[in-house]
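Turn these sequences into a full structure, and let the hints guide you.
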Amino acid sequence: MNPMSTDIKVKEVNQADTENDDMWVLRLYIAGQTPKAITALKNLKEICEVQLKGKFTIEVVDLLENPQLGAEDQILALPTLVRKLPVPVRKIIGDLSNTERVLVGLDLLPVR
Amino acid sequence: MEKKAINTLPKTPTGIEGFDEITFGGLPTGRPTLICGGAGCGKTLFAMEFLVRGATQFDEPGVFMSFEETKEELVSNVASLGFDLEDLIQKKKIALDHVHIERSEIEETGEYDLEGLFIRLEYAIDSIGAKRVVLDTIESLFAGLPNQLILRAELRRLFRWLKNKGVTALITGERGDGTLTRQGLEEYVSDCVIFLDHRVTEQTSTRRLRVVKYRGTVHGTNEYPFLIDEDGFSVLPVTSLGLRHVVSNDRISSGIPALDKMLEGEGYYRGSTILVSGTAGVGKTSMAAHFAEAACKRGERVLYFCFEESPNQLMRNMLSIGIDLGNWQQKGLLQFQATRPTFYGLEMHLAVTHKTVKAFKPDIVIFDPINTFAANDTEIEVKAMLMRIVDFLKANQITAMFTSLTSNRCVADSSDIGLSSLIDTYIMLRNIEFNGERNRGLYVLKSRGMANSNQIREFILTDKGVELREVYIGAKGVLTGSARIAQEASEYAELLIHQKDIERRKHEIVLKRKALEAQIDALQADFESVESEAIELIEMEQDKIERLKRNKAEMAKSRRVEIEDITSNNLKI
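Residue numbers (this note's numbering), protein chains in the order written: chain A, 1 to 112; chain B, 113 to 685.
These are computed hints drawn from the structure, not numbers from a lab. Idealized CB from N, CA, C, for every residue including glycine. Hints may contain errors.
List time: in silico SDA-like cross-link candidates among lysine to any residue, alpha-carbon distance up to 25 Å [claimed, not checked]:
1. B:K277 x A:K45
2. B:K495 x B:E133
3. A:K84 x A:E49
4. A:K42 x B:E220
5. A:K45 x B:I218
6. B:K325 x B:R311
7. A:K84 x B:E214
8. B:K373 x B:I218
Example chain A residues on the side facing chain B (calculated, C-beta under 7 Å, incomplete) [stated by the list, open to error]:
9. M23
10. I93
11. D95
12. L96
13. N98
14. R101
Computed beta-carbon distance windows for the label pairs [unchecked claim]:
15. A:D107 x B:K325: 45 to 51 Å
16. A:E65 x B:P122: 31 to 37 Å
17. B:N259 x A:D22: 31 to 37 Å
Right under this line is the structure:
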């Protein structure tokens, strides 16, 4: 039904990797296929491919389909990227177009 | 036609006591309302009560979206007001959503919107079919989200969205510096704005509410005091009662027969306001106790506010003048309400009065004394409060008696917090210092609608209660106390002398009568003896004449001479 759903469910992991402590679990919250959502997903994929090759999971949650998750995960702004693993949980809002800030937000780059 | 449409602007009752009265129906249905004020002024509580009452009284479920307090905090906070939030949440009457924003956890990385908030809100609204929504305090977003441009645009969209959704929304906002809200929310929510204030004057706090604007409808514009107590929020729109109360021609006794006599012999009007004013120790409380006792004897209910004595002390003291108030208290006809005036602010007193009067439903309310209020508040406020109390009691046909302490130097009507104009029957008790002693005088300064006595009476406290005596007014002025007693004694003595005099005179008359009667008797006896003597002489002379006649006739017979009757022609006897 969702034209992008096949693309969105990106799970570039194998069984061995999930047991790895270095495994990154990222969840992107969107509400429908808005331009901002599409941009965000594209940006996210690009960053992960560069920085976390082979050790990340991206799960896309569409709040229009699962609105109750909005309250459960304290989502306010959209799109929001949540770093579930490694802990601590981090939240990044926006369409992820500012790569430097995304890296800071994900703790992949030390703040200068 | 258009005017009619304005008048019928749909309103959603809040169920908050008094608020629906000043807004003539409640909040605007299907529109957002802004409620703002400083910290701790009761915004959250107002909002929560709006939801809870909606859910319980008007069958309108509600969503509470909190940006500050967590669900658990909210539940326990309002539990103290008797609201069982957990239960309402389980029954799907209320949905709670706590929006947690942590600045440090948020990294902005480009374009975004607040659609997540919209979705959460919509989900919450749809899950219980909510008609009411509260956003508390949405300004927290400004602290959490750095991009104000996006935020403001999204807020504008949110309020528009709420309107389209048709929910009655209440948005709380923190008071700003010189503005209603810190972030200028009033710019977005412009249909109805309510302002809450929490002021501390002379160490007592007073909460006030004002409807700043209410588009498309009339509303009360004053600052209305409100209070938060164990029953929640209540606004006191008492001044709106106006002067339209029904009056009664019924008369009730003051409990002091002599005082009733001064008031056309019938006492006070039912539903009127009576002020007993006087200096310390003149017996104001005793008069109030008499009034209370008389009412209880008639089977009426009396609510007694004592602001200076504890009920037990009052009852003990009144026993000394023969009034057993404890008896009536046990029978449930008399209720005491004892608090220090300084215990809380005027509005709280007013509200407590309202509440206890509504709960106890008395026929008579006594405030003893009222002027202690003036100690910690300005006169105008005290007067306003008393006016509200008077209006409220009059509207309910309750007779009110106030006692008021005046200082000795004060002229009668300049005292008493300028209250005189509110009072129907004004009784003054005064100390009269004369002749080296202090006595009490009572007079009726005014009594609307009756021909009251203009006389000063002496007021005496006996072990059988209050007695009124007439005072003596003579060359030395008004005489009271021992001077009056002396006057009474001297008058009595004078009376005795007069009585003795009369008796003496009466006795004299009796004696005189007796003497004269004796004289009369003696004269009579004298006369009788003279009379009898005379009669005897007359008889003797007649005998002599008879004898002469007989002798003559015998001589003629012997001489055979015809003689004529000498007795008739020649002899004169």
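Checked hints:
1. B:K277 x A:K45: Violated, at roughly 37 Å.
2. B:K495 x B:E133: Since the Cα atoms of K495 of chain B and E133 of chain B sit roughly 23 Å apart, the hinted pair holds (cutoff 25 Å).
3. A:K84 x A:E49: 18 Å, holds
4. A:K42 x B:E220: Holds - the C-alpha atoms of E220 of chain B and K42 of chain A are around 17 Å apart, at most 25 Å.
5. A:K45 x B:I218: Holds. K45 of chain A to I218 of chain B sits at ~20 Å (cutoff 25 Å).
6. B:K325 x B:R311: Cα-Cα ~21 Å, so holds.
7. A:K84 x B:E214: Holds - the C-alpha atoms of E214 of chain B and K84 of chain A are around 16 Å apart, at most 25 Å.
8. B:K373 x B:I218: This hinted pair is violated, its Cα atoms lying about 83 Å apart.
9. M23: Status violated, d = 21 Å.
10. I93: 5 Å, holds
11. D95: 4 Å, holds
12. L96: Because about 5 Å separates L96 of chain A from the closest Cβ in chain B, which is inside the 7 Å limit, the hint holds.
13. N98: The hint holds - N98 of chain A has a Cβ within 7 Å of chain B, the shortest such distance being about 5 Å.
14. R101: Holds: closest Cβ of chain B sits about 4 Å from R101 of chain A, inside 7 Å.
15. A:D107 x B:K325: 45 to 51 Å: Holds, since D107 of chain A and K325 of chain B (Cβ atoms, about 49 Å apart) stay within the stated range.
16. A:E65 x B:P122: 31 to 37 Å: 35 Å, holds
17. B:N259 x A:D22: 31 to 37 Å: Given a distance of about 33 Å, which is inside 31 to 37 Å, the answer is holds.
Going down the numbered hints, you'll see the structure goes against 1, 8, 9, while the others check out.
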